[in-house]
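Protein chains: 2
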Amino acid sequence: MSDSPTPSAITPPPVIVLVRPQLGENIGKAARAMLNFGLVELRLVAPRDGWPNPSAGPAASGADIVLDRAQVFESVADAVADCAHVYATTVRKRGVTKPVVTPEQAADAIHAGPGRAAILFGPERSGLETDDVAVARTIVTVPINPEFGSLNLAQAVILIAYEWSKGQGLASPPATDLEPPAPQEELDGMIAQLDAMLDGAGYFFPPDRTPATRRMLRTLLTKPGWSSQEVRSVRGVLSALSPRRPRGG
Amino acid sequence: MSDSPTPSAITPPPVIVLVRPQLGENIGKAARAMLNFGLVELRLVAPRDGWPNPSAGPAASGADIVLDRAQVFESVADAVADCAHVYATTVRKRGVTKPVVTPEQAADAIHAGPGRAAILFGPERSGLETDDVAVARTIVTVPINPEFGSLNLAQAVILIAYEWSKGQGLASPPATDLEPPAPQEELDGMIAQLDAMLDGAGYFFPPDRTPATRRMLRTLLTKPGWSSQEVRSVRGVLSALSPRRPRGG
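Chains as they are written, first to last, in full-length UniProt numbering: chain A, 1 to 249; chain B, 1 to 249.
These aren't lab readings, by the way, just hints derived from the structure by calculation. Hints may contain errors.
The list makes no distinction among identical chains, and a pair is therefore deemed to hold if it is satisfied within one copy or across any two copies.
As the list claims (entries may be wrong) - Lysine to aspartate or glutamate pairs mimicking EDC-like chemistry, simulated, CA-CA at most 16 angstroms apart:
| # | residue 1 | residue 2 |
| --- | --- | --- |
| 1 | K166 | E104 |
| 2 | K223 | D108 |
| 3 | K223 | D49 |
| 4 | K166 | D199 |
| 5 | K98 | E179 |
| 6 | K98 | E230 |
| 7 | K98 | E25 |
| 8 | K98 | E129 |
| 9 | K98 | D131 |
| 10 | K223 | D188 |
| 11 | K166 | E230 |
| 12 | K98 | D64 |
| 13 | K98 | D208 |
Please put together the full structure from these sequences, using the hints given.
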């Protein structure tokens with residue numbers, strides 16, 4: 001009996017429902033968009049050209065698993081029968097009497113659960129019809145340039161899938177090999193080396209400006225947050241530029 | 001003269017830079033993706049099939065303003081010469097010695113400013129090369145399904161543009177006294193000065209290591225994000241250390 005959250009508390013990924021999609025190519029592109037962000041469950045409502053569609057595979061660019069698992073339904077109601085939450089994606093509409101959320105807000109709500117969510121996308125040309133939207137409890141609208149709203153089906157899918165993926169483990173930035181800044185004493189050693197060279201070159205003039213100049217240089221060289229390796233590289237550069245450097249023995 | 005004045009405190013929208021794009025169709029799709037989220041400044045570095053490209057217009061689906069304003073450059077350095085922040089979009093890479101951020105983090109940083117940002121996108125097949133990435137201070141990576149990463153150029157552009165657009169409705173953060181990083185051409189001038197000095201000092205040896213050494217130096221000197229004033233200070237330091245500097249008249 002562990003106190004940690006049980007796996008059953010994890011909300012299942014949302015189902016993507018393409019309602020009366022027209023081109024097989026766009027179904028394939030939507031599948032590709034989904035799999036990029038870890039969504040695999042695709043449902044098709046009355047695809048215009050039937051299913052399977054030979055144009056879908058090439059457009060999926062390898063997201064075959066999504067197409068192979070795709071299920072076909074005759075109506076929106078059938079497609080979302082097992083879902084607790086239904087979202088309809090639309091452009092801005094007049095007379096909407098349902099809550100309208102952004103993809104980000106929808107993703108948060110889907111993660112919060114509980115229960116499986118479905119997200120409806122309309123046909124390429126016309127979008128969802130009023131009867132389709134009526135099935136949904138919530139409308140998702142991508143905030144878009146009011147003077148140029150031209151999202152295609154796969155782009156709408158990818159934005160929703162992308163937002164959903166942020167709540168997943170996969171959505172963490174990759175670990176980098178970025179080194180921490182060098183310890184302060186290494187920084188001080190580098191600054192002292194430069195200081196000695198500049199002193200020898202008559203850089204600190206007039207004398208009453210020297211403290212301010214030294215502060216400026218320290219600020220300049222502290223800002224980068226150079227790593228130990230980078231500090232060594234800078235010191236190598238300084239040695240190469242040093243007139244007192246014994247060259248050729 | 002009906003446009004409302006833009007407060008100077010607002011950071012300008014980022015520039016989208018397509019580096020050696022191959023297909024005109026993809027340039028058009030990228031333009032469409034941009035305009036959906038309010039980005040209009042497109043720069044092309046050495047597009048494979050020249051510019052203008054007759055395939056771009058139809059794919060832009062009406063985003064002609066972006067294509068009409070697109071500028072062509074011969075090199076990445078030229079394309080970002082006036083930009084204070086350069087981001088390179090890449091897939092996961094080993095041995096990265098620059099900060100890696102998500103599109104969301106990049107968008108936040110771009111809004112925080114100050115100074116104009118450029119975002120580099122590589123050719124469709126191969127992505128950005130090492131020398132392209134070396135120009136950037138920061139890497140942007142879309143966290144993606146580790147078992148299926150298949151974003152095309154326009155999809156990468158739309159995710160970045162979408163994230164940027166989110167910050168548009170928000171109150172802009174208070175202007176800070178922080179100076180923006182120097183424009184890239186000032187950085188390049190400083191690097192060229194150091195390079196010439198090091199070349200004269202016999203630093204670049206052996207010759208087959210020179211390209212890697214130059215990249216290391218560029219990364220080192222790009223990291224600080226030095227302001228114009230700071231770049232001038234560094235150049236003053238370099239001049240003081242230069243053996244060819246005429247001193248005492």
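Quick rundown of the hints versus the structure:
no., hint, result
1, K166 with E104, "both (9 angstroms within a copy, 10 angstroms between copies)"
2, K223 with D108, "neither (19 angstroms within a copy, 21 angstroms between copies)"
3, K223 with D49, "neither (34 angstroms within a copy, 42 angstroms between copies)"
4, K166 with D199, "neither (47 angstroms within a copy, 47 angstroms between copies)"
5, K98 with E179, "between (21 angstroms within a copy, 9 angstroms between copies)"
6, K98 with E230, "between (21 angstroms within a copy, 12 angstroms between copies)"
7, K98 with E25, "neither (32 angstroms within a copy, 38 angstroms between copies)"
8, K98 with E129, "within (15 angstroms within a copy, 48 angstroms between copies)"
9, K98 with D131, "within (13 angstroms within a copy, 51 angstroms between copies)"
10, K223 with D188, "within (13 angstroms within a copy, 19 angstroms between copies)"
11, K166 with E230, "neither (33 angstroms within a copy, 36 angstroms between copies)"
12, K98 with D64, "neither (35 angstroms within a copy, 35 angstroms between copies)"
13, K98 with D208, "neither (24 angstroms within a copy, 39 angstroms between copies)"
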